[in-house]
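S.K.: So you can see what is in the structure, the chains are spelled out below.
Protein chains: 2
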Amino acid sequence: MEIKVVRKVLAVNERMAAENRKLFSNKGIFVLNLMSSPGSGKTAILEKTLARLLPKVPAAVIVGDVYTTRDADRLARSGAPVVQITTGDFGGTCHLAAHVVGEAAAGINLDAVAVLFIENIGNLICPGGYDLGEDVRGVVLSVTEGEDKPLKYACIFRSCDFTVLNKVDLLPHLTFNKEEAIANIRAINPNMQIFETSAMTGQGLDVWIAWLEEQVRAKRCRTRGALAND
Amino acid sequence: MEIKVVRKVLAVNERMAAENRKLFSNKGIFVLNLMSSPGSGKTAILEKTLARLLPKVPAAVIVGDVYTTRDADRLARSGAPVVQITTGDFGGTCHLAAHVVGEAAAGINLDAVAVLFIENIGNLICPGGYDLGEDVRGVVLSVTEGEDKPLKYACIFRSCDFTVLNKVDLLPHLTFNKEEAIANIRAINPNMQIFETSAMTGQGLDVWIAWLEEQVRAKRCRTRGALAND
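From first to last, the protein sequence lines are chains A and B. The numbering of the first sequence is our numbering, which starts it at 1 and goes up by one. The numbering of the second sequence is our numbering, which starts it at 1 and goes up by one.
Derived from the structure by calculation, the hints contain no laboratory data. Any given hint might turn out to be false.
[To be verified] Here are the simulated DSBU-like pairs of lysine-lysine, each with C-alpha atoms no more than 30 Å apart in a straight line:
{"hint": "1", "chain 1": "A", "residue 1": "LYS178", "chain 2": "B", "residue 2": "LYS178"}
{"hint": "2", "chain 1": "A", "residue 1": "LYS178", "chain 2": "B", "residue 2": "LYS48"}
{"hint": "3", "chain 1": "A", "residue 1": "LYS56", "chain 2": "A", "residue 2": "LYS27"}
{"hint": "4", "chain 1": "B", "residue 1": "LYS56", "chain 2": "B", "residue 2": "LYS27"}
{"hint": "5", "chain 1": "B", "residue 1": "LYS56", "chain 2": "A", "residue 2": "LYS8"}
{"hint": "6", "chain 1": "A", "residue 1": "LYS48", "chain 2": "A", "residue 2": "LYS22"}
{"hint": "7", "chain 1": "B", "residue 1": "LYS22", "chain 2": "B", "residue 2": "LYS8"}
{"hint": "8", "chain 1": "A", "residue 1": "LYS22", "chain 2": "A", "residue 2": "LYS56"}
{"hint": "9", "chain 1": "B", "residue 1": "LYS48", "chain 2": "A", "residue 2": "LYS48"}
{"hint": "10", "chain 1": "B", "residue 1": "LYS22", "chain 2": "B", "residue 2": "LYS56"}
{"hint": "11", "chain 1": "B", "residue 1": "LYS22", "chain 2": "B", "residue 2": "LYS48"}
{"hint": "12", "chain 1": "A", "residue 1": "LYS48", "chain 2": "A", "residue 2": "LYS27"}
From just these sequences and the hints, can you work out the full model?
M.R.: Below, the structure written as structure tokens:
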């Protein structure tokens, strides 16, 4: 009985995710679903990313937390439209679901947005099973978490298009073996794109931003036809 | 319909947790349920803890992961009996449940155990709702995760008896404000016992071990009557 209900929930989620995807594509918006453990630095990366993208690339954020609006408060300082979802109101759900993202997106003027970041709830397990209608999925892995996490949380890493290996400024103070971590990521997902960053020092953000801008341009071309000077 | 099933699952879990609790108490075993984000250092703390407790205080470990037996392999080197639960076999469940712990405990000679550590799956949300039959619940919080985590993952922090604030050796390299973190913990849970540790350098482990030994002695006295020299 439990399994049946879970299947039904996932089927509903898939339907709602398809609706989100259609909406976002109609608007030519590039959408990222960012997942990670608590405290990996998702919000800090987004803060730095928004500061570099805006105003050239108009961005919006949907951010999920079980409790508090702290992340939304931090991100709103960028000037970007930010919608906070607190799942504590919905029984403390441990992941974002497509219908919740759809409702949040309705609160954003999507015609003025080129890239939408969905900052998922800090959880390396449950969010992986829920398509939100995104174009790409990324996982943020802090180097303080250890090399073995891609193997232990394989589903998330398998489902993602890119990994942001964050807090690399701390590497001199850790026993973390970066080569082993990258080998573990590739063992789970050979095609994973890997960015090495420090939200604190700014290291590696240029490469990440350049990739992002390229994706935003490509999404626009795919969905609105090739526009000159875009 | 979904809610009904979840309620039923939790009611079954409570019944199984009560059975575990009765079994552990009959044997005079002190049981800890350790929860945290991925990569907070639960396993490293347990490695150091087992090395100091054994052979004086006989200990066993039940360790949960979605995938891999890496943590069990690390902990088994201590010589303690270790049972790994990999929930990937059960549909990738994101938390330990009482019946799974009961089955794992059946594989341990409990008559030879004074303290049982249950290392839960790395997840700051879902494990909080599942009583495993433990005496105390602890959350390991790495200082690399940020001061705000007790507020954002309030349910886990509210349900715990103690916090292990780990990786304090990294404090000189972080902007982490320890006083703010502790204030946040106390705002959620005024009675929280807080240990500051570094599994890497050993800092703070003496206080943690002394507390543990005291709890083990107290549990034995409560359940077997006061024994001299115990």
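S.K.: Would you mind marking each hint as holding or not holding in the structure?
M.R.: Checked hints:
no.: 1; hint: A:LYS178 / B:LYS178; result: holds, 28 Å
no.: 2; hint: A:LYS178 / B:LYS48; result: holds, 24 Å
no.: 3; hint: A:LYS56 / A:LYS27; result: holds, 17 Å
no.: 4; hint: B:LYS56 / B:LYS27; result: holds, 17 Å
no.: 5; hint: B:LYS56 / A:LYS8; result: violated, 52 Å
no.: 6; hint: A:LYS48 / A:LYS22; result: holds, 29 Å
no.: 7; hint: B:LYS22 / B:LYS8; result: holds, 22 Å
no.: 8; hint: A:LYS22 / A:LYS56; result: holds, 25 Å
no.: 9; hint: B:LYS48 / A:LYS48; result: violated, 38 Å
no.: 10; hint: B:LYS22 / B:LYS56; result: holds, 25 Å
no.: 11; hint: B:LYS22 / B:LYS48; result: holds, 29 Å
no.: 12; hint: A:LYS48 / A:LYS27; result: holds, 25 Å
When each numbered hint is compared with the structure, violations occur for hints 5 and 9.
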